[in-house]
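Chemist: The whole structure should be built from the sequences, with the hints applied where relevant.
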Amino acid sequence: MDDFYRELIIDRYKNPQYRGSLNPADISFEDENPLCGDHIHIDLRVDDEGVIREALFEGRGCAISQASADLLMEKVHGMHVDQVKRLSKQDILEMLGIELGPVRLKCALLSLKVLKAGVYGLGEATDDLVEE
Amino acid sequence: MAEAMAELHPKVALDVYKIREDFPVLGRQVRPGVPLVYLDSTATSQKPASVIEAMNAYYRQHNANIHRGIHVLAEEATAMYEEAREKVKNFIGAASSRQIIFTRNTTEAINLVAYSWGLSQLRRGDLILLTEMEHHSNLVPWYLLAERMDLRVEHVAVTAEGVLDENDFDRKLAMGPRLFAFTHMSNVVGTINPAKTMIAKAHQAGAVTLLDGAQSVPHFRVDVQELDVDFLAFSGHKMCGPTGIGVLYGKRELLENMPPFLGGGDMIKKVTLGAFKPNELPYKFEAGTPAIAEAVGLGAAIDYLNKIGMDVICQHEQGLVRYALERLREVEGLRIFGPSAEKKGGVVSFLVDGVHAHDISQILDQYGIAIRAGHHCAMPLHEKFQVPATARASFYLYTTFEEIDRLVEAIYRVKDIFGV
Ligand SMILES: Cc1ncc(COP(=O)(O)O)c(C=O)c1O
Chain A
1 MDDFYRELII DRYKNPQYRG SLNPADISFE DENPLCGDHI HIDLRVDDEG
51 VIREALFEGR GCAISQASAD LLMEKVHGMH VDQVKRLSKQ DILEMLGIEL
101 GPVRLKCALL SLKVLKAGVY GLGEATDDLV EE
Chain B
1 MAEAMAELHP KVALDVYKIR EDFPVLGRQV RPGVPLVYLD STATSQKPAS
51 VIEAMNAYYR QHNANIHRGI HVLAEEATAM YEEAREKVKN FIGAASSRQI
101 IFTRNTTEAI NLVAYSWGLS QLRRGDLILL TEMEHHSNLV PWYLLAERMD
151 LRVEHVAVTA EGVLDENDFD RKLAMGPRLF AFTHMSNVVG TINPAKTMIA
201 KAHQAGAVTL LDGAQSVPHF RVDVQELDVD FLAFSGHKMC GPTGIGVLYG
251 KRELLENMPP FLGGGDMIKK VTLGAFKPNE LPYKFEAGTP AIAEAVGLGA
301 AIDYLNKIGM DVICQHEQGL VRYALERLRE VEGLRIFGPS AEKKGGVVSF
351 LVDGVHAHDI SQILDQYGIA IRAGHHCAMP LHEKFQVPAT ARASFYLYTT
401 FEEIDRLVEA IYRVKDIFGV
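Chains as they are written, first to last, in the working numbering: chain A, 1 to 132; chain B, 1 to 420.
Source of the hints: derived by calculation from the structure; they are not laboratory data.
Zero decoy hints are in this set.
Some chain A residues flagged as far from chain B (calculated, every beta-carbon gap over 10 angstroms):
1) Tyr-18
2) Glu-30
3) Asp-31
4) Arg-45
5) Asp-48
6) Arg-53
7) Met-79
8) Leu-87
9) Gln-90
10) Gly-123
According to the in silico footprint, chain A covers these stretches of chain B (three or more CB under 8 angstroms from chain A):
11) 352-365
12) 410-419
A virtual CB, placed ideally from N, CA and C, is assigned to each residue, including glycine.
Modeler: Put into structure tokens, the structure is as follows:
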């Protein structure tokens, strides 16, 4: 019945592996979901080839938004920024392994939105970054 | 344990199981084998069959545009629309149905006052007094106006308990506000404000008063003449009626002196090229084809509420909220926002330590329980409580004590899943 809260999500919510900040960082970005006040800040260190060497997040919010950010940081370690630009909603859903309604989808996608706005060097994170 | 709980169920005059049969949606299962437990009536209420049927009958038998047509259908439709206005007038104790203006909802009613009364009556530097407890719909229209007209805005403080601070109210009234706009009942913490006393004080200070009745009119008897309020705004959809219809009540002298809000058909007496003469009340404020079927539906909702009795409904909800607070207080690590039962209506906002409101709501949904999680369109109040979001369960005439038991059981499941 509680499939929705897979152990993985609760575990990464309670014991995040990639929580923290990088100072200095090559790329930093943050945003929030005004509906529920979820907040995500991401710091990245990128090498000369454009490969992400370190990725950490800080944030507060629901289990979905925080676990999603933690798993995403893990996923992008060693990834080229061009690959990050191609990450989509589908990648996040596969990573979480659950189905989400429209409201919770926003929670799950907040970290990807912040990450993509950061690597694109945009002034603002917008929803079209994570919609296909 | 179960017996002790049963004793807490008070005996009330309202037969909740019989009432539930009037609401088709309450019989549904949200997933196979999982019945709906609807605890989100503060956002919008469910609708009894009589309301749905009244709107259907309007479209099946009578539909026509109102006020101008000279044929049977147009005359019937006009009569039905005006009859709904009469029902609203009686429901809130207004002197005349000319003081009942149909709008889309509470929000539009408040905007009407802001743009019509505010733009014509206020001057640069004037003070508007609001409270920290308001829904965004009684904040943002005034902020927009303040920006445009260079007005000052103050807010009556809310205490940690979740009630308005009386001393702060007196202090801010002494600053001489032109308008005091406030909610009758908080949609977040359920606090019922002593509107009659507050309106009298505001009048003494020379302010015009606007009462946001979105949460009060559906749940207890509100009499505009007894309150002596200048403006009252409320929505049909929170009182067993349809969406798309709301009401603005205003005192006659005020409404007469206000310029029209929206321009178009129906709101004019006469148009010549380049000029118009506005229609009489209430039509001056009802431009364009209104929500006729929705007005008919609201009329049917009022009939339904009257048949049950507002005092009986209020008493039932008081029993529910007392019971809910009692049961929720048992739960370790659960924080309840807002005052004790005797100061509030059927709304309980809470959080479980270590669990975000969204996660609470999501897990409750697995058990068919519909609550709301978020800031409930009252971000400033959440800032005050220093939480980004709360979980809110709210009750109405069709809510049962068993549903509150189900809520509490499911909250224990939330605690299990999150290991808190
Ligand atoms: C206290 C209060 N005021 C105003 C509103 C706005 O009502 P509507 O969205 O119907 O305009 C609400 C609705 O949630 C409310 O609870």
